[in-house]
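Visitor: Chain by chain, the residues run as shown.
Protein chains: 2
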Amino acid sequence: MASGKDPKIIFSPSGKRGQFPAGTSLLQAARKLGVDIDSVCGGRGTCGRCQITISEGAFPKDGIVSDAASLSAQTDAESRCRDKQRLKEGHRLSCQTQFAGDVAIDVPSTSQIHRQLVCKDHEVRAISISPTVQAYFVEVTKPDLSDPRGDLERLISALKNDWLLGNLICDLTVTRSLPEMLRAANWQVTVAVKDSTEIVAVFPGLKESLYGVAIDVGTTTIAAHLCDLSSGDVLASAGRMNPQIRYGEDLMSRVSYIMLNSGGEAELIKAVREAISELLAETATGARLQLLDIVEIVIVGNPIMQHLVLGLNPVHLGTAPFSLTTDAATSVRAGDIGIDINPGGYAYVLPCIAGHVGADAAAVLLAEAPYDRDEISLLIDVGTNAEMFLGNRDRLLAASSPTGPAFEGAQISAGQRAAPGAVERVRIDPGSLEPRFKLVGCDVWSDDPAFNDQMPVTGITGICGSGIIEAIAELYLAGVINAEGVVLAEAADRSMRIVSQDRTFTYILVEGEPGVRIEQNDIRAIQLAKAALYAGARLLMDRLGVARVQRIRLAGAFGANIDVKYAMILGMIPDCDLSNVSSAGNAAGTGARIALLDKHARPLIEKQVRAVEKIETATEESFQRHYVSAMGIPHQSDPFTELDKVVKLPINEPATSGRRRRKRGR
Amino acid sequence: MASGKDPKIIFSPSGKRGQFPAGTSLLQAARKLGVDIDSVCGGRGTCGRCQITISEGAFPKDGIVSDAASLSAQTDAESRCRDKQRLKEGHRLSCQTQFAGDVAIDVPSTSQIHRQLVCKDHEVRAISISPTVQAYFVEVTKPDLSDPRGDLERLISALKNDWLLGNLICDLTVTRSLPEMLRAANWQVTVAVKDSTEIVAVFPGLKESLYGVAIDVGTTTIAAHLCDLSSGDVLASAGRMNPQIRYGEDLMSRVSYIMLNSGGEAELIKAVREAISELLAETATGARLQLLDIVEIVIVGNPIMQHLVLGLNPVHLGTAPFSLTTDAATSVRAGDIGIDINPGGYAYVLPCIAGHVGADAAAVLLAEAPYDRDEISLLIDVGTNAEMFLGNRDRLLAASSPTGPAFEGAQISAGQRAAPGAVERVRIDPGSLEPRFKLVGCDVWSDDPAFNDQMPVTGITGICGSGIIEAIAELYLAGVINAEGVVLAEAADRSMRIVSQDRTFTYILVEGEPGVRIEQNDIRAIQLAKAALYAGARLLMDRLGVARVQRIRLAGAFGANIDVKYAMILGMIPDCDLSNVSSAGNAAGTGARIALLDKHARPLIEKQVRAVEKIETATEESFQRHYVSAMGIPHQSDPFTELDKVVKLPINEPATSGRRRRKRGR
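Residue numbers (my numbering), protein chains in the order written: chain F, 183 to 848; chain P, 183 to 848.
Keep in mind that the hints were calculated from the coordinates and are not lab data.
Treat the hints with care, since some could be wrong.
Identical copies carry no separate label here, and so any pair may be met within one copy or between two of them.
[Unchecked claim] Simulated crosslink set (BS3-like; lysine-lysine; CA at most 25 Å straight-line):
#1 K214 <-> K190
#2 K198 <-> K389
#3 K190 <-> K789
#4 K324 <-> K796
#5 K187 <-> K270
#6 K389 <-> K796
#7 K796 <-> K214
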């Protein structure tokens with residue numbers, strides 16, 4: 183019981199304060215006041231998590247004159263912790279330090295359980311660290327003839343006594359290893375507990391950190407980021423090609439493979455799981471950890487990847503009505519889906535939104551959180567399909583537009599994925615029509631004297647999505663291409679780079695054989711893709727009843743590489759203040775990491791996904807109408823007020839002006 | 183809304199009554215009133231579960247004149263059901279029958295969900311049928327472009343709409359098979375739901391019954407009973423030797439095998455699981471079912487068997503302090519412990535009570551339910567150890583006495599298990615000392631003229647536990663053995679059957695080589711065993727503070743075979759009114775069946791097991807004292823008031839009278 187004469191304590195940054203009998207430890211006082219201080223060892227002075235500093239001086243508002251002399255002397259535990267360079271200079275362990283006079287205590291963010299990660303580029307919000315799986319050190323009562331309880335029950339009892347964890351369950355996989363573990367560790371173990379309900383792993387002695395991996399399974403590449411679950415730090419990252427590529431470059435080829443080959447799904451399932459397991463081993467090695475140290479993974483991917491990772495046959499996703507086996511978030515023991523981490527560890531797979539809008543889109547939604555905003559955001563993740571969200575905190579719509587793979591470099595004569603040697607940036611002199619360009623894997627432009635020296639060993643291998651878009655936009659700005667996307671015959675008079683080919687004209691971006699050419703068919707492919715993207719966005723705008731969006735975020739590798747100005751020149755995206763159009767970076771990966779590090783994010787995204795209104799572009803008549811009218815360059819639906827500020831538009835009168843939406847009263 | 187003019191309905195036996203608009207179906211009325219009527223098809227008239235009969239005549243108390251003419255005509259569904267002989271004569275389907283006038287309806291017990299099984303011999307109570315897994319028929323919405331939900335989510339939605347089952351979960355194993363199952367079954371399926379929370383199996387079309395198997399894993403034999411989960415009927419039973427016998431006859435030999443052979447536990451685990459899987463296949467075949475039809479199993483066994491079935495290493499159960507890996511009840515997917523039933527089906531393993539008191543003892547406790555009684559019961563399950571419970575609804579104690587395997591025929595010169603050819607009953611003429619006996623597998627006594635014809639093909643192979651006990655008790659009653667258990671030299675003068683052997687005397691029960699002889703060492707072995715049994719019971723009585731028990735129940739094969747009179751003559755059990763000593767039959771098997779059929783039994787036994795006070799005989803000084811004083815025949819602790827009524831005691835003055843407890847004031 184505290185009395186009026188007891189010493190006062192105040193904690194920053196929470197501002198929580200109280201009075202406690204002299205000799206109370208700082209950690210005890212923090213616990214009583216609900217101050218957020220981390221601890222794994224439970225006050226034994228061994229984990230080094232509960233570090234604090236004292237603020238000396240007067241705190242008149244609280245009637246406190248803080249004095250370091252009020253604190254008890256450094257303990258042996260603190261000395262050992264300092265010797266191991268775990269206890270920072272000027273810091274104390276709050277569990278080892280008692281106070282006998284008034285003190286003001288600073289809790290550094292690294293000692294808080296629910297701290298936040300600082301935002302990185304592209305990220306719209308900080309990640310709260312509140313992992314699903316937490317570590318608890320306990321000493322377990324040894325078995326005794328007079329105590330017939332099982333090893334598991336004595337462990338559970340210790341967790342209840344020391345950490346107030348009630349009604350814990352434990353899977354047989356973990357139970358099996360318990361007797362030897364407890365005896366080998368002399369009954370001192372660190373227990374990984376999931377959701378405060380289930381024991382998922384037991385480690386000998388004190389284990390200070392647990393680890394998790396966020397995995398983004400793309401059609402083409404798979405990326406993994408290993409994180410310290412308590413700090414949120416990414417300790418290792420790795421990526422590799424999705425080995426399913428040998429069954430087909432694009433998703434539909436892989437589904438066809440399954441349709442044509444009995445048991446084919448098992449091959450694809452095995453391939454993707456093995457790749458994930460290899461990536462996990464690679465990241466663990468990179469962080470100098472064992473697979474056993476990984477107690478949880480989070481997986482995102484499109485619906486077909488989600489199905490294959492879970493061992494579900496995606497065959498019904500290949501044909502209308504594109505039905506999912508399950509759209510729900512799935513939490514499953516990693517071993518049950520053939521992925522090797524700690525045997526008790528779980529895999530969490532984010533929910534899907536619709537047959538074409540997968541767990542990767544859900545992850546983008548989680549990373550970008552348009553549902554937390556007042557302004558209307560348009561969020562686009564460009565891939566073979568462009569998944570889109572439009573809306574704000576009041577209402578959110580989603581659709582998937584069939585852009586096809588042109589933006590990824592497929593169906594383009596010199597097209598390729600964004601890999602070293604691919605042209606990714608293009609500028610064309612509007613007078614001479616001479617180009618300069620930049621390659622993936624090379625820091626300098628083609629007109630730089632150092633270009634040949636720094637060129638990737640591959641040489642110039644082709645052109646990727648962002649390159650072809652910039653090339654077409656530049657050709658349009660230079661008057662080579664008209665608003666209908668036709669390479670004009672008269673342009674051939676302006677430069678040797680414009681050559682006749684069959685009955686159309688081609689622009690030679692890079693000379694030689696094969697070189698890189700922008701053919702009429704390439705422009706048509708991009709027009710079709712960008713019209714689909716634009717039409718999807720317009721459809722959502724119609725359904726939401728808005729004529730303009732207030733911000734646009736472009737997610738994914740494509741969104742990160744493209745100069746948004748060119749997207750707007752081409753008419754890929756609706757009109758918007760260019761300063762409000764930005765890249766969301768690898769938002770799917772960020773979303774996966776959020777779901778890994780913050781347990782509250784999971785019910786949140788599961789709820790948001792259910793609340794999203796799914797619009798099926800294939801059955802919407804207005805999608806077709808928008809699609810047709812969006813084929814021109816630039817698109818003809820909006821007045822180019824914003825674009826006018828950025829680029830001087832060519833003088834060609836738009837060919838499809840008869841369909842102008844502004845004439846229809848918008 | 184019901185009005186005063188609406189027809190009235192009353193259901194028997196519940197007595198529930200109400201008024202409903204004319205045209206309401208009987209099932210609808212029953213549901214609204216909370217009357218317990220079964221249904222799988224959900225009112226489609228196909229499952230035939232909701233049969234009722236009408237009681238014609240006047241029910242003056244309720245103001246009802248019940249008239250069959252108030253009911254709607256028989257429907258086509260009912261005709262089809264009648265043609266398949268599924269709808270009984272005079273019965274109607276309550277889902278198909280509407281009422282337009284007052285009616286009194288009888289719900290036969292076969293149409294009630296929570297009906298009770300009639301008690302069998304030995305059983306102290308009826309089994310309530312309330313299975314964990316229940317069947318629900320649903321029609322699932324087909325996928326549609328406008329409905330992006332997954333197959334699983336549409337199934338869950340149908341279960342919620344039709345059966346009010348909310349928040350269902352479904353394991354990946356089941357989810358995987360869902361798309362093909364739903365399409366092949368034209369979206370009409372019967373879903374097995376566990377605990378109203380988890381989908382464990384999906385069957386095409388309407389499936390009327392689900393099945394479960396209760397399994398008793400003994401050290402020597404394993405028995406399985408396949409039950410219809412809705413009727414409780416045992417449709418097939420099977421038993422076989424525990425194949426672990428090749429690693430050792432008794433439990434400690436098997437634990438030694440594991441200690442001495444690295445990986446030995448894996449061999450024992452595999453052996454017992456394979457035997458269980460074979461038994462499951464055998465019972466399924468016997469009931470003309472598939473393994474897929476089995477959606478749940480319940481397993482009981484001693485702690486070492488419980489460990490091995492669950493894949494836990496029992497090695498620490500082999501040495502003090504005999505610590506269990508877990509004492510809790512375990513519910514686990516059967517596939518996860520290598521047992522083949524429906525892939526989504528669960529195995530429930532009852533809790534253990536202590537290192538020597540296992541899930542089989544818990545099952546005995548559940549079957550006998552001494553915690554529901556006022557009188558003090560002593561419940562004994564005799565095996566290599568004798569597990570005992572003593573108490574009533576107020577307090578219940580448990581202990582395990584180290585009787586050793588003598589009661590099972592081991593350590594006896596001619597001893598064997600109770601198998602065909604074993605002497606199981608013995609009578610000895612007190613004058614001539616000539617014996618007559620009965621063999622396992624033979625219905626007539628040895629003095630019957632038909633005996634030689636009906637003798638098992640094995641011939642006379644030895645003597646089992648009940649036989650040796652009866653033989654010793656009869657020899658004692660005939661004055662051949664004194665109260666110290668010594669075969670008296672003077673008895674050799676009375677009959678040629680008493681022969682000298684070394685420095686002791688032997689009784690020849692069956693002549694020939696090897697014949698069956700009762701040697702002095704055999705008597706000693708039984709004395710040691712019965713003293714342990716008795717001492718355990720006395721220890722519990724001391725701890726409970728009672729001088730007499732009010733009833734004794736003997737469980738297990740030994741308890742079923744033995745004539746309780748002889749157990750009392752020998753002093754195996756404390757004094758008790760002989761009419762209150764009875765066999766509990768195969769109580770462990772009954773307990774397993776209760777846990778299978780009645781979901782409420784599981785939390786009940788889990789709670790009771792925790793409440794039981796465990797007494798460790800090894801550390802109790804008074805156990806040793808009782809043990810020593812209980813070596814004599816009959817035991818010397820009680821006045822033989824009850825026994826006097828039954829048998830005329832021999833005149834020998836007890837040799838151990840100096841230790842008589844009654845002299846100590848009892």
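Visitor: Against this structure, judge whether each hint is valid.
Guide: We went through each hint and held it up to the structure:
Proximity of K214 and K190 under a CA criterion of 25 Å is satisfied intra-copy only: 13 Å inside one chain copy versus 62 Å between copies. In this assembly of identical chains, K198 and K389 lie within 25 Å of each other by CA distance neither inside one copy nor across copies; the values are 30 Å within and 61 Å between. Taking the closest pair of Cα atoms, K190 and K789 never come within 25 Å of each other, the shortest separation being 43 Å inside a single copy and 46 Å across copies. Proximity of K324 to K796 under the C-alpha cut-off of 25 Å is restricted to the inter-copy arrangement: shortest distance 18 Å between copies versus 57 Å within a copy.
Taking the shortest Cα distances, K187 and K270 never come within 25 Å of each other, neither inside one copy (33 Å) nor across copies (85 Å). For a Cα distance limit of 25 Å, the shortest separation of K389 from K796 qualifies neither inside one copy, at 45 Å, nor across copies, at 36 Å. Within a single copy, K796 and K214 get their C-alpha atoms no closer than 47 Å, and across copies no closer than 37 Å, so neither meets the 25 Å cut-off.
The earlier numbered hints that this structure contradicts are 2, 3, 5, 6, 7.
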